[in-house]
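**Q** Please assemble the complex out of the two chains, which come individually in their own frames, going by the hints.
Quick note, the sequences are listed as chains A and B, same order. First residue of the first sequence? That's -3 in the working numbering, and the numbers climb one at a time after it. First residue of the second sequence? That's 3 in the working numbering, and the numbers climb one at a time after it.
Source of the hints: derived by calculation from the structure; they are not laboratory data. Predicted, not measured: the structure shown is a model, and the values here were computed from it. There are no misleading hints in this set.
With a Cα cut of at most 27 Å, we get these calculated DSS-like pairs of lysine-lysine: (1) A:K97 with B:K369; (2) A:K97 with A:K78; (3) A:K78 with B:K369.
As a plain string of letters, each chain reads:
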Amino acid sequence: MIRLADVGKVYRGRNFEVTALDGISLDIPPGQFVSLVGKSGSGKSSLLKILGLVDFDHSGRYWLDGSTYHGARDTEVARARKCIGYVFQDFRLIGRHTIWKNLQMAAVIREGHVDVEEIRACLDRVDLADKALSYPDELSGGQKQRAAVGRAIVGRPRLLIADEPTGSLDQATATQIMSLLTDLHTELGCTLVLVTHDMDIAMQAERVVELRQGRIHDDFLH
Amino acid sequence: MTFFIRNCVAGLWFNRLRSTLTGIGVLVGVASVVLIMALSDALIATIDDEDVTSCQIALMSSAEADADVLDAMSSPDIVARLQGVAQRTDVASFAPEAQRHIVEVSLPTGVSIGSMVVNFTDSVPVIAGEPFTRATGDVVIMRPNPDFSNVTIGDQIVINGQFFQVIGTTDSHGMTPDTKLFLPERMSSLVDVDQLSTTGTHLLIGQQGFPFSEVRQSVIDQLNDGIDPDMKFFDMSAEMASGLRDALGTIQMVLGAIASVSLAVAALNIVNTMYIASLERVDEIAVLKSMGMTRVQVMALFLLESVLLVTIFALLGALIGNLCAALILTYADIPMAFSWMALATLVPVIVLVGAGGGFYPAHRAAKIDPVRLLR
Chain A
-3 MIRLADVGKV YRGRNFEVTA LDGISLDIPP GQFVSLVGKS GSGKSSLLKI LGLVDFDHSG
57 RYWLDGSTYH GARDTEVARA RKCIGYVFQD FRLIGRHTIW KNLQMAAVIR EGHVDVEEIR
117 ACLDRVDLAD KALSYPDELS GGQKQRAAVG RAIVGRPRLL IADEPTGSLD QATATQIMSL
177 LTDLHTELGC TLVLVTHDMD IAMQAERVVE LRQGRIHDDF LH
Chain B
3 MTFFIRNCVA GLWFNRLRST LTGIGVLVGV ASVVLIMALS DALIATIDDE DVTSCQIALM
63 SSAEADADVL DAMSSPDIVA RLQGVAQRTD VASFAPEAQR HIVEVSLPTG VSIGSMVVNF
123 TDSVPVIAGE PFTRATGDVV IMRPNPDFSN VTIGDQIVIN GQFFQVIGTT DSHGMTPDTK
183 LFLPERMSSL VDVDQLSTTG THLLIGQQGF PFSEVRQSVI DQLNDGIDPD MKFFDMSAEM
243 ASGLRDALGT IQMVLGAIAS VSLAVAALNI VNTMYIASLE RVDEIAVLKS MGMTRVQVMA
303 LFLLESVLLV TIFALLGALI GNLCAALILT YADIPMAFSW MALATLVPVI VLVGAGGGFY
363 PAHRAAKIDP VRLLR
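So that you can see chain B by itself, here it is in the shape it has in the complex (with noise of 0.2 Å):
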């Protein structure tokens, strides 16, 4: 088999500027096909990153004006349903046995957390697959809050006359200090219901390790749970999210067929290189098969030969695709997220094609007679 493979490979390297610019056009379909891959997996990839840390949840009524859309968004169902579900919020720093627990409430502007009345109830953690429940716990201050800059974790600090540990500390993210109020369970009574803004669309954020998705459901669900027919809560980062990532595996798809024909050409110039290589060759297969070389073998002799041809050139193909793909995302700051999954299908598609290209001039190359050498 060595032997064979050595074979292959001097017939290559003997015409190795045809082998060559055969093998680019392979390299060249190979490596569209890979970099396009690995771009809209990355930008995938980040889709779903973003999902693994944050979603909007917002509302959908199916009343046609304005007006009676407010009217249900303020209806006393909604806001209550909405008292308890806020926002997770990936907070820069929390005590180990908070980090699961982070309830955003978004309130109306003006309302300070220095002038709220806080009644904490008991606290009840948030796991997947039960119930959403009322709970609560301590504090979480978030820092630009000129109240409370100087705070740190296990603080002990009084709002209104009544004791709170900080279990957690977070900077702004852009919101205004005054009009949020962060709470370390998804549900508290600290809140007046008829102050809650119900209008907005509200934030669910988890930190890295969050078991987020079973948590928004949970949220979803519990939302949902007895409402309105005509209205429905709905994950619309999950929605945008789920268009986007239909949207990149629709120019995923196009652009692979696009580069995929680029392959068929690749495929169809090996047949064409092979096909040049059987007949420069007519003489040695004839001498090799009165020499005893079955059918079989020379079939497997350019078969093989093609195969290597072709995977060298995709091997290659396949590497500057990568790299190019590298440079454009770290250009454009996305994190490589090439799926080895991809490759693993791109590489029998690549023998295929290497297989296929050679099939037929192999079977004409085994069908040469050695008769041909006796004159």
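One chain only, chain A, in its complex shape (with noise of 0.2 Å):
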């Protein structure tokens, strides 16, 4: 269970001082797929940090699953992120490493020890077993994308995260992207908070929260 209220977000410089979120109050049931929309700078990415437990530096109250992290110590909130996986526009696996040990990374980091069974099955979910050896350079942007995927679901997170996934991706890939994410919000049954400036991508989702210079204009189910 996700609970916003009141939160807001400035962000301040020298000579600037731009407000992202003003006073964002959202509350977004387990299990439920929300598309956050939104022009450039209308504050979905900043609002996607703080669900992401990345941004603590912001007002009003955030709760994940009844508790809240802000000014917690760095191992609880360690702890709360292992229950998020997160899959980003520019998939941001490491290069040095193959996909299979990407995944076996994700899987040591959140659950303390390497289930292969489980690694496997998950590179068989994202349709990559026979690419497990392959580094994230050989492979195509659509593939990375899905390899993302999989090292965001290692360990059945609670809350996945995507920001923009398919921002990098041509149309063909990025369909089977969404596709792919809307199956495992299905089987998995967890929370998708999914950014994208694509109000046809934003419309697979169960709910469309639109912002607008940091507020919320639009909240509706599809």
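**A** Right, here's the structure in full:
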């Protein structure tokens, strides 16, 4: 369960001050697929950082599964992050490791051990079993994103956060990735928060939250 | 843990050229330190080994004029003291029971063993810690003496009409046979006090396993017991060895300090290498932290990597340093005597260099914020 109460975020520089989020209040029930849409600068990435427990420099309150991590110790935040799977626009695979090892690393960090069967299942699920020993540089954009999705689902996270997962892909590959994420959401029963500026992609979610100038402009179930 | 170690090895292997170049710095530093330690330890051990089997006892006088010194050394008291205190010898072969009781007394040139009147008193073994007393036993024959060239241990021989049992034989050790008489005990009344040379340095020689330092101290204590305060018997060889040991120790320290500079440079190199690694892997660390890795774990990852890098090359350096030392010492015909204690001291220093060099980059890496991953 995600709960945001009057969350605000202001970026301050020497000569500027930009309000990225302004009094966001939002509840996302467990297992929901939510798209955050909006134009550039609307505050969707800022919101995603807060949801993903990587940015704590904000006003208001944020609860994840009933706990708030504002001012929490590093170990507590790290423990909470283990339940979150991230899919980034530019994949962020570790280039010096094979795909198998990228997933293995996630397993070690999240679960403290390596379950070979689980890693194999994740690779099978993203249809990359034959690329397990390949390095990220040897894969196409779509394959890289599938590998990133595979890594994100290791340990069956309760919250999956996808930041413009199709932003670097062509239309056909983007469709494949979206199909994969949708299926995984159903199979894993996890909460999926997707950030996109593409309305067509956003509409594949159960719920669409549109941000404008740091505020929720529209929030509807699809 | 195994996974983290393997990850560190993979990290080093991925940047193998850089890792190797950095590691070579460590290798050279450690090899120099080990080489210097091994060489000086071997030399010091050689000096110590010498001490185990021989020493020179000399008389020191406060007299300023040479004539006064000679007078002092010829005085009846000193002569009496020297009469029984002479030298132990590492004879070629001895009956086991005689090995600890051999004394060599210097005689004036021209006095032959064959013409000496030999009167042994009762035999008292030399025992560490016990007073140095008059004692005697049977005779030890110096083989080059033509009168006794064929005698062996156990033989009965006659000297000036008296029977003696041969309990040992020895070679000349470069000394003139006629001027030396080997007796089985350090004290004997066979020699006329007036015939003793008192100006020479007296050698005390023992065999391997001989309680040399105790006997030496016992002899010196005995010689100095109640002596004129202006005079003093001292162990000249020990003084020389001690001086040499001190000099070697100083050289070891200076060279060690110079070699340690290269270790310090290697540590700085580690800082540089790991710092660059932390910069290169900012995104990787951010990803790991986004997956739930703690700051402490990130630090540990980097520290482990730098310690691993340093340890691998330091061990190679220690090996190469020892091999070089072994080669040099073999060439110089000096036995290798590397101190394992020194190596045991070096190991934590090496780990400290690795950890110290990796600390700042690791600390920096641990502070990387995963927020940078989301645009």
